[in-house]
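Take a look at the letters that make up each chain.
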Amino acid sequence: MPHRVEPSKGGLLSAQTALLAIAVAASVCLSLRIGAHPLSWADLGQLWFPVGSATVDRSTVATLVYQIRLPRIVAALSIGAGLSVAGASYQGLFRNSLVSPDILGASSGAAFGAALGIMLSLGIAAVQGLAFASGLSAVLLTYLLSRSVGGGTFTLRLVLTGMVVGSLAMAGVAVIKTLADPYSKLPMITYWLLGSLSAITAADVKVLLPPLLAGMAVLMALRWPLNAMALGEEEARALGVATTRIRLLTLLSATLVTSVSVAIGGVIGWVGLMVPHLVRFWIGPNHRDVLPRSFLLGALFLLWADNLARCLFAGELPIGAVTCACGIPVFLLLLRRASGSWSE
Amino acid sequence: MTLTLHRLSCGYSRTPVLRDVSFSVGAGEFVCLLGPNGSGKTALLKTLVGILEPLDGRIQVGGKDWAAWSARERAAQIAYVPQAHAPLFAFRVLDVVAMGRTARWPLWSGPTESDWKAARGALDLVEMQDFAERRYTELSGGERQMILLARALAQEARFLVLDEPVSSLDFGNQVRVLQTLRRLVSDGFGVIMATHHPEHALRCANRVAVVGNGRLSPAAHPEEVLTPEVLEAIYQVPFLVTQLTGRDGRPFSLCTPHLS
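The listed protein sequences correspond, in order, to chains A and B. When the letters of the first sequence are read in order and numbered with our numbering, they come out as residues 11 to 354. When the letters of the second sequence are read in order and numbered with our numbering, they come out as residues 6 to 265.
Please note that the accuracy of each hint is not assured.
Sample of chain B residues at the chain A side, in silico, Cβ under 7 Å [what the hints assert, rightly or not]:
1. Val54
2. Ala80
3. Leu93
4. Phe96
5. Gly115
These are calculated hints, taken from the structure and not from any lab test. Given the structure is predicted, the values throughout are model-derived calculations rather than measurements. The beta-carbon is built from N, C-alpha and C at its ideal position, and this holds for glycine as well.
Build out the structure end to end from the sequences listed, making use of the hints.
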């Protein structure tokens with residue numbers, strides 16, 4: 011019995027994509043309202059197009075929206091989209107649907123840099139900078155190590171050396187945790203390792219967006235050749251695909267996106283693994299459609315995860331805990347429903 | 006158009022497994038490579054399609070030197086059909102076939118209307134048009150092999166390089182793949198196929214070359230090459246070669262290893 015799969019060309023501009031985009035826009039509006047200080051539509055509306063009578067004064071709303079909620083919403087959207095697109099790209103490139111964006115040690119490396127920065131009492135911008143730099147360095151180390159060891163394909167060596175570098179970085183984090191001041195520094199490090207968007211400012215967003223968008227633009231552009239790469243590098247080369255160039259560009263861009271996301275938002279797990287899975291289950295594995303769809307769904311998912319993190323209890327929850335708690339049931343459900351539909 | 010190898014050495018990571026290989030394949034020719042496991046057939050084929058770089062010697066297509074060509078230009082001349090395998094992702098069959106045309110576009114681009122048409126045309130050529138919307142991972146081994154052949158055809162290269170395409174297939178699928186290949190050869194394609202079936206070489210090939218001891222024997226007519234002595238030398242077991250008459254009244258040779 012023939013199995014209908016959506017035609018490739020319909021992916022980007024389909025009704026489903028439009029609906030998802032509308033859902034993202036609606037969620038943004040809703041997210042502006044909710045929080046420790048709830049706003050009505052009328053309160054919110056007075057900023058742009060006054061409707062009805064507002065109960066909160068305009069300058070309070072402006073501060074709340076422009077300085078606190080909007081930066082945080084934009085960060086959640088872009089980090090969610092970035093981690094999902096990077097995850098989908100890594101999974102295609104490494105031909106493994108269980109690969110997550112920290113496969114090459116980017117997250118662990120960034121975690122080490124951030125922990126070190128916090129221990130040394132650096133300012134927030136310096137901590138972010140150190141996290142970013144050490145995330146990139148970890149991936150570079152993975153890359154150099156994988157070139158120096160023998161055996162297996164290059165991709166396999168990358169995955170294995172990535173594991174080694176990731177473990178090394180986490181060992182460093184463990185050492186820092188034992189050395190850090192248990193009353194002031196240790197809670198900060200722990201909180202950072204679980205991921206949080208609570209301290210996001212408009213300035214953070216300005217730092218976050220350019221590399222994130224640039225990285226995602228490259229990944230989006232390479233999404234068809236990524237299909238050929240997912241067949242295996244030898245086959246792709248025999249098809250005349252410039253495999254070295256595509257691999258390098260994909261690795262660079264996905265690493266950039268991951269490192270900057272982790273540097274700003276901390277280690278937020280499960281998004282980059284679960285969202286692409288959900289998308290492939292939904293529309294099939296063609297990266298031409300999977301990447302744009304992961305972009306939208308990842309943005310939507312992390313926005314709501316962050317809304318839960320800030321609204322569920324009086325105090326903030328770490329967003330990493332929320333994504334994990336939401337991600338695991340969804341993932342288990344997918345495994346149950348989809349067993350056999352990926353491969354044999 | 007002729008594909009020519011001059012004193013080619015090939016192998017993995019600078020250690021040659023085959024040296025001094027010279028032969029040529031023309032359009033409309035079917036050449037089979039026979040040789041024991043590990044003799045270097047696959048290394049030779051991978052060198053032909055650009056997966057491995059030649060360690061020494063030259064490859065020429067239509068008199069032009071291969072080394073000067075980009076991967077993309079090579080793909081326009083020679084297409085590779087690997088042994089069928091299940092990829093991780095359940096791609097749609099038509100997408101798999103369209104991937105054969107990837108080298109035609111700039112990196113950031115994808116298939117256009119004419120590419121989808123060419124992909125469907127390639128599926129027609131191997132008579133698999135009804136499978137276009139199926140998932141590749143749901144197909145049987147024989148069906149997958151046909152789809153990989155279609156992908157190579159979508160590449161629109163003159164030469165097809167096949168690595169043991171029928172090794173994991175049942176008799177029915179073996180015959181279907183070989184018949185398709187024969188039809189393509191009569192349409193003007195040049196085919197180079199590695200195989201473990203001397204009979205397939207006898208039935209399909211214009212010429213047969215034997216790989217062994219790091220060398221490639223000069224390609225010659227299958228009936229001349231595939232004698233019991235040569236087969237015994239290749240596989241190190243006794244062989245029987247007998248003459249039978251086919252349904253069409255024409256004689257053909259049957260060779261089989263002797264189980265004592």
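Evaluation of the provided hints:
no., hint, result
1, Val54, "holds, 4 Å"
2, Ala80, "holds, 2 Å"
3, Leu93, "holds, 5 Å"
4, Phe96, "holds, 6 Å"
5, Gly115, "holds, 4 Å"
Against the hints set out earlier in the document, no violation occurs for any number.
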